[in-house]
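Asks: Sequence:
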Amino acid sequence: MQLPIGIQDFQKLREGNYVYVDKTQHMLPFVQGGYYFLSRPRRFGKSLTISTLKALFEGKKHLFEGLWIHNQHDFEPHPVLHLNLPGVESRELPLSVGLTLYFQEQAARFGLTISDRSARLAFRDLILGLSKGGKVVLLVDEYDKPLVDFLDDPEKLAEHQDLLKSVYGTIKELDEHLHLVILTGVSKFGKLSLFSDLNNLYDASLDPRFAELCGYTREELERDFAEHHGQAQERLNMPSETYWETVKRWYNGYSWGQHSAVYCPFSMLVFLQNPVFKPYWYETGTPTFLMKLVRKQGYTPFQLEHLRAGEQVVSTSSVEHLDPISIMFQTGYLTLKEIQPSIYGTSYTLGFPNEEVRVAFAQNLLQEYTDHQDSQAGLLGVTLRDALLHQNWEGFFEGVNATLAGVPYEIFPRKEAFFNSLMHLMLVSTGLPTLSQVQTSKGRMDTVIELSNQVFIFEFKLDGTAQEALEQIRGAGYGEKYLGKQVLMLGVNFDSASKSVSEWTSDVINSSG
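When we follow our numbering, the leftmost residue of the sequence shown carries the number 6, and every step to the right adds one.
Among the clues, some could well be false.
Here are the computed lysine-lysine pairs in the DSS-like style, where the Cα-Cα straight-line distance is at most 25 angstroms [said to hold, decoys possible]: (1) K420 to K301; (2) K504 to K490; (3) K137 to K65; (4) K253 to K283; (5) K17 to K66.
Pair ranges (Cβ atoms, derived) [what the hints assert, rightly or not]: (6) I344 to Q302: 21 to 27 angstroms; (7) F115 to W73: 28 to 34 angstroms; (8) Q7 to R479: 52 to 58 angstroms; (9) G138 to V387: 58 to 64 angstroms.
The hints are simulated quantities; they were obtained by calculation from the structure and are not laboratory data. For every residue, glycine included, the Cβ atom is placed at its ideal position computed from N, Cα and C.
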């Protein structure tokens, strides 16, 4: 069967001989009716979920043959209003005009005539008109698109927020005419009246019942894509265990619940089409304003690996005061690593979901600090990786210093943490498993790269000596936990005046052979 890359229409997928991962069991609470909001990052199957529910409530039972829900639902038809907000014009036309035109187009499909005086009235008339045929199922895909697209334009953002507040606020007063309301999006913007006035809208984003609704589990990948995985293993010439470990490291790790992690569906499909480990999901678009926000707020890359956050950060975003951590979680750059409930409230630990995001985020943030372009950032990672694996330290630190030289003078604080952060970004960009600020019983290692048979331990000093850094690795016994592997120590000194690596020294402290 064909891989459903880019297919978001359920009927097209089912009739076109594409692989379909049966998620209908997870949709049962929706089918029973109610008011729901579901947040997931882009490319995670929100649109396909909405399209599936649309077909179900339109009574297209034949499309569900062989699926879990086929014998669990009566498939009684409802009037279904499916609104796809990315299809609303908001750049060439004012959003108010774009929405009104869009609602009129939808009305024409059903033979209805609605108001053209305002988007709010047009929306209200559309639902009331449809309700003459029964209780309406309202499915809104990417409700927040007119907001997310203008996060870097405060004036437009405020205008769009007020308009959507008016339009979505209509839903509650139409309760008697609605069977099911689902709104999907990336962010839950807390000050939109959708989540204050419409207080019966249930946020299902972190509900365990929906933790595996979007994204693939390992079981689903092995069951539904067995042939494709077999071909990928053959092309990569990898034994099964190594293959699955690598796939997991690159594409698994997204979590919206305590004990559940899923693979990015878009990345897995593109990877199976052409088995090369690279950041497919990340390449589909990273907002530059997010990188600027992270740098402006002063977050170090180490903090982003392991962050503590409260309920507000993971559940809502504020349009007026953009929090990069909240945005990074809701857009998929960070995910839940741990949930800690208590009588005082729930706290969360966040981190990068996988290597795909870590590597690409490091390359993008590095670009924000330097004058590198996309292609240069990718090339730097390859150059440093090759030099490191061949222990070509001259070539390695030549690449490091060329990158440091690209950091504008006015944003270059002469602090050890800043040099360490840039080194971390450069090393993560190699795609090698890189950890920084690693705590041990005898101290904290600056950076460690652990491979199957080698370990690289870096210690950095600012305006000191490379030998001093090397002696710290030895004295603290950092290499002791890696006995059985070749352990390479690297002492590195940064010079604040020249903003470069002034010297380095290396040694091998034990060997597997």
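Asks: Indicate, hint by hint, whether the structure satisfies it.
Replies: Hint check results:
At most 25 angstroms may separate the alpha-carbon atoms for a hinted pair to count; K420 and K301 meet this at roughly 16 angstroms. Taking the CA atoms of K504 and K490, the gap is near 34 angstroms; set against the 25 angstroms cutoff, the hint is violated. For the given pair, K137 sits about 21 angstroms from K65 by alpha-carbon distance, which is consistent with the 25 angstroms threshold. Distance hint between K253 and K283 is fulfilled; the C-alpha atoms sit about 13 angstroms from each other, no more than 25 angstroms.
Taken as a hint, the K17 and K66 pair is honoured in the structure, with Cα atoms around 14 angstroms apart against an allowance of 25 angstroms. Look at I344 against Q302: about 24 angstroms separates their beta carbons, and that is inside 21 to 27 angstroms. Separated by about 31 angstroms at the C-beta atoms, F115 and W73 satisfy the suggested range of 28 to 34 angstroms. In this structure the hint that Q7 and R479 lie 52 to 58 angstroms apart at CB holds, the actual value being about 57 angstroms.
The given range of 58 to 64 angstroms is respected by G138 and V387, whose C-beta atoms sit roughly 59 angstroms from each other.
The earlier numbered hint that this structure contradicts is number 2, and it is the only one.
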